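Visitor: This is what each chain is made of:
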Amino acid sequence: MSSGKKFARSREYFERAAKVIPGGIYGSKSPGFLVPGHFPYYLEGAKGSCIVDVDGNQYIDYLCGYGSQIVGYGNPAVDGPALDQARRGDLLNQPHPVMVELAERLVDLVDGMDWAVFVKNGTDATTLATSIARADTGKQIVVAAEGAYHGAANWCSTNVFPVFTSAEQRDVRFFSYNNIAQLEKLFKDNKNNIACVILTPYHHPTYKPQQLPTPEFLKAVEVLCQREGAYFIMDDIRANFRLSMAGSHSYFGAHPDMVTMGKALANGYPISVLLGAEALKKTASSFFITGTYWMSAVPMIAAMATLNEMERLGGPHRLAQLGTLLKNGLESLGEKAGFKARISGPPAIPFLTFDEDPNLFLNQRFCAAMADRGVFMHPHHNWFISLAHSEEDIERTLSAAREAFEELRGGFSALFMNKIHEQ
Amino acid sequence: MLMKLSQLSEEQKAILARLKAWLALQLAAEAFRSDAGLQKLCPVGGVSLELKIMQNGAGRGGSAHSSSGRDMAINPAASASSADESAATATKPAATLQLFVKKGNAIAGARNWPQLVLVFPGSEAAIKVLSGGKGAALPLPLSPGAFKTLRFFKKASSRATELLREAQTPDMVRARLLLAATLHGLEAVSGDSYLERRMHIVPDGTVAVRVGQIEFFAAKRGRDIRVMESAQHPDAVLSFSDYQSAIKVLSGKRQAVVALGSGEVKIEGLLPLVQGLFAVLDRLSWYLGVSV
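Residue numbers (the working numbering), protein chains in the order written: chain A, 245 to 667; chain B, 88 to 379.
Isolated chain A (complex conformation) (with noise of 0.2 angstroms):
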């Protein structure tokens, strides 16, 4: 079937929203950001690791709601009790007691953390975090990794114009992930001046190689940010409970003072929260922080279930398997195939490149195929493994991996094949 008649919904509703939404789609969701023509652009529903789009096209799906879905689209260990409460009442005048029961539970979870605070989005809580280290320490500066996303604010943004330059962006500095000398550096030009540290507990920039960190790297971020007075942040939004249920740092071995999650927290209900230490409470406590929809009853309903729900399923444990079996897998078939497939990242957070193609060509063209075979693997951001996934859904996306590979063997074109053979 032509692309045009595959997708003729989800091209028709783009057109129309073109017309009145900035980009059609903005941000991540662009058509831009996959491959036009071979994935949709709307989806109308999903279950289990499964997903539908518009014209009634499904897929196995890896991209888990950027990471939200955890314990499965439309679980109803999660929906049951999220639904229930939402007929009772959402967004009341004063918080629900769910509040308190998901704080404790947090601050019992998760290393090192004394203090809970709820927001919506990771950008709140990451920007939340760097604005209490500032006032804690009176100091400026945020040194966080190159390519490293912390959200969609100015101070952190790509939306790079003058006049948040000399505003926002100006006191941010940037170092490469797992240099010591380099982060050594900044603290020594910049001495008495950085207040924290943010970093990811393992850097997924995109369009690159996800990376872990060196065993001496974040025990050096730590001795660094004590020595001189700073505090270190582990922004976990992204992997989430799906490296470990004690926080991504724990699964790393490192104390960070505070800690951002999101995504995953209550399997795709809008909630993310910022962790602290104790030595921060103050400072947290002097702050005014609201936000009109940031104490909702249903979300937090719903990161409850999601916590028993994980704890049942095997959480990181089964994760782990589950993207150990697909990493395997897609490294033999892409050797088998001649291509240099390598999968980074942590096997529940995987992502796939070719050594031969830093510039994603082949990413493209794979995930296109991908996509062409009923699986949505994205060809820019890392994937995600949930514990809906099945080893019958590995199976069934390695078959069409094998299929894939050798289309992209096979059909491509002569220009980027010599370019290949060169180096």
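Hint data in this document are derived by calculation from the structure and do not stem from the laboratory. Among the hints, a few may not be true.
Over 12 angstroms on every C-beta distance to chain A, these chain B residues come out as not near it, computed from the model [unchecked claim]:
{"#": "1", "residue": "Gln94"}
{"#": "2", "residue": "Lys241"}
{"#": "3", "residue": "Ser280"}
{"#": "4", "residue": "Arg308"}
{"#": "5", "residue": "Met315"}
{"#": "6", "residue": "Asp329"}
{"#": "7", "residue": "Gly356"}
Cβ pair distances, simulated, as ranges [what the hints assert, rightly or not]:
{"#": "8", "chain 1": "B", "residue 1": "Ser317", "chain 2": "A", "residue 2": "Asn436", "range": "35 to 45 angstroms"}
{"#": "9", "chain 1": "A", "residue 1": "Ala396", "chain 2": "B", "residue 2": "Val379", "range": "45 to 55 angstroms"}
{"#": "10", "chain 1": "B", "residue 1": "Asp369", "chain 2": "A", "residue 2": "Gly289", "range": "33 to 43 angstroms"}
{"#": "11", "chain 1": "A", "residue 1": "His561", "chain 2": "B", "residue 2": "Leu368", "range": "46 to 56 angstroms"}
Using 35 angstroms as the maximum straight-line C-alpha spacing, the simulated DSBU-like pairs for lysine-lysine come out as follows [as the list claims (entries may be wrong)]:
{"#": "12", "chain 1": "B", "residue 1": "Lys340", "chain 2": "A", "residue 2": "Lys249"}
{"#": "13", "chain 1": "B", "residue 1": "Lys127", "chain 2": "A", "residue 2": "Lys273"}
{"#": "14", "chain 1": "A", "residue 1": "Lys263", "chain 2": "A", "residue 2": "Lys250"}
{"#": "15", "chain 1": "B", "residue 1": "Lys340", "chain 2": "A", "residue 2": "Lys273"}
{"#": "16", "chain 1": "A", "residue 1": "Lys250", "chain 2": "B", "residue 2": "Lys242"}
{"#": "17", "chain 1": "B", "residue 1": "Lys335", "chain 2": "B", "residue 2": "Lys242"}
{"#": "18", "chain 1": "B", "residue 1": "Lys221", "chain 2": "B", "residue 2": "Lys241"}
{"#": "19", "chain 1": "B", "residue 1": "Lys340", "chain 2": "B", "residue 2": "Lys241"}
{"#": "20", "chain 1": "A", "residue 1": "Lys452", "chain 2": "B", "residue 2": "Lys353"}
{"#": "21", "chain 1": "B", "residue 1": "Lys353", "chain 2": "A", "residue 2": "Lys584"}
{"#": "22", "chain 1": "B", "residue 1": "Lys91", "chain 2": "B", "residue 2": "Lys215"}
Source: prediction; values computed, not measured. Even for Gly, the Cβ is constructed at its ideal location relative to N, Cα and C.
Starting from the known structure of chain A, fit chain B onto it as the hints suggest.
Guide: Relative to chain A, chain B alone:
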């Protein structure tokens, strides 16, 4: 917000002047390439014209060289050094742009010794004159063929406009004119300080822009974009499905995102590089929207 010329900073005026001059020359060169009538009109020895925009100390100076002939070559890289030179000294022109047209291959040498130099006393004058309005421009004849050169340039410029407007212009010609104007427009505004930090986070590389038999390459290096007619192994490819799609998108009749969604525009390879060019494209639109 649509800006008026009087609301622009000196830097912005200098960039807009350079953009207008660069587009005028590039479109004249493209019209010469596409139009047999224009080729016949060209004097046997060819014509060479230089536009010089005087500007004391304001903006990023620039110089570029557009040369064209029957076997035309466009070599903006050759002009890069003179761009820097002219920017370095406030008394030198902010922009010096040359057009050389000749029936044949021999184009060398003319870059340094044009038949006619058209001097604009400042950015505003250049912007007004090159937008079809009234303004000061001083012709400096440097050879006996100087005024033939000026007549030819005027004819080529108006022919370019006709080719863009006339219904009978072949799609390929119109697509090429629009694509050349767009890409050379990017080239002209890429040094804008407004884009400096944005360009810093965009990876360097080369984008191939293709439609039918037309292919251009835009190379991004640091703050600058250079347009080339050939390049090895592009890092990204932006292609239009056909000439009509290219014309619609490049003339603003079809939104680029809609064309991307429908498959009329396709992007492959290093996406952040192409996205970076889109940011420059937005800035180009901003400049072209300035009311003169």
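Visitor: Compare the structure with each hint and give your call.
Guide: So, going through the hints one by one against the coordinates:
no. : hint                                    : verdict
1   : Gln94                                   : holds (16 angstroms)
2   : Lys241                                  : holds (38 angstroms)
3   : Ser280                                  : violated (7 angstroms)
4   : Arg308                                  : holds (16 angstroms)
5   : Met315                                  : holds (16 angstroms)
6   : Asp329                                  : holds (14 angstroms)
7   : Gly356                                  : violated (4 angstroms)
8   : B:Ser317 / A:Asn436: 35 to 45 angstroms : violated (54 angstroms)
9   : A:Ala396 / B:Val379: 45 to 55 angstroms : violated (36 angstroms)
10  : B:Asp369 / A:Gly289: 33 to 43 angstroms : holds (36 angstroms)
11  : A:His561 / B:Leu368: 46 to 56 angstroms : holds (49 angstroms)
12  : B:Lys340 / A:Lys249                     : holds (24 angstroms)
13  : B:Lys127 / A:Lys273                     : violated (53 angstroms)
14  : A:Lys263 / A:Lys250                     : holds (23 angstroms)
15  : B:Lys340 / A:Lys273                     : holds (24 angstroms)
16  : A:Lys250 / B:Lys242                     : violated (50 angstroms)
17  : B:Lys335 / B:Lys242                     : holds (26 angstroms)
18  : B:Lys221 / B:Lys241                     : holds (15 angstroms)
19  : B:Lys340 / B:Lys241                     : holds (28 angstroms)
20  : A:Lys452 / B:Lys353                     : holds (21 angstroms)
21  : B:Lys353 / A:Lys584                     : holds (26 angstroms)
22  : B:Lys91 / B:Lys215                      : holds (12 angstroms)
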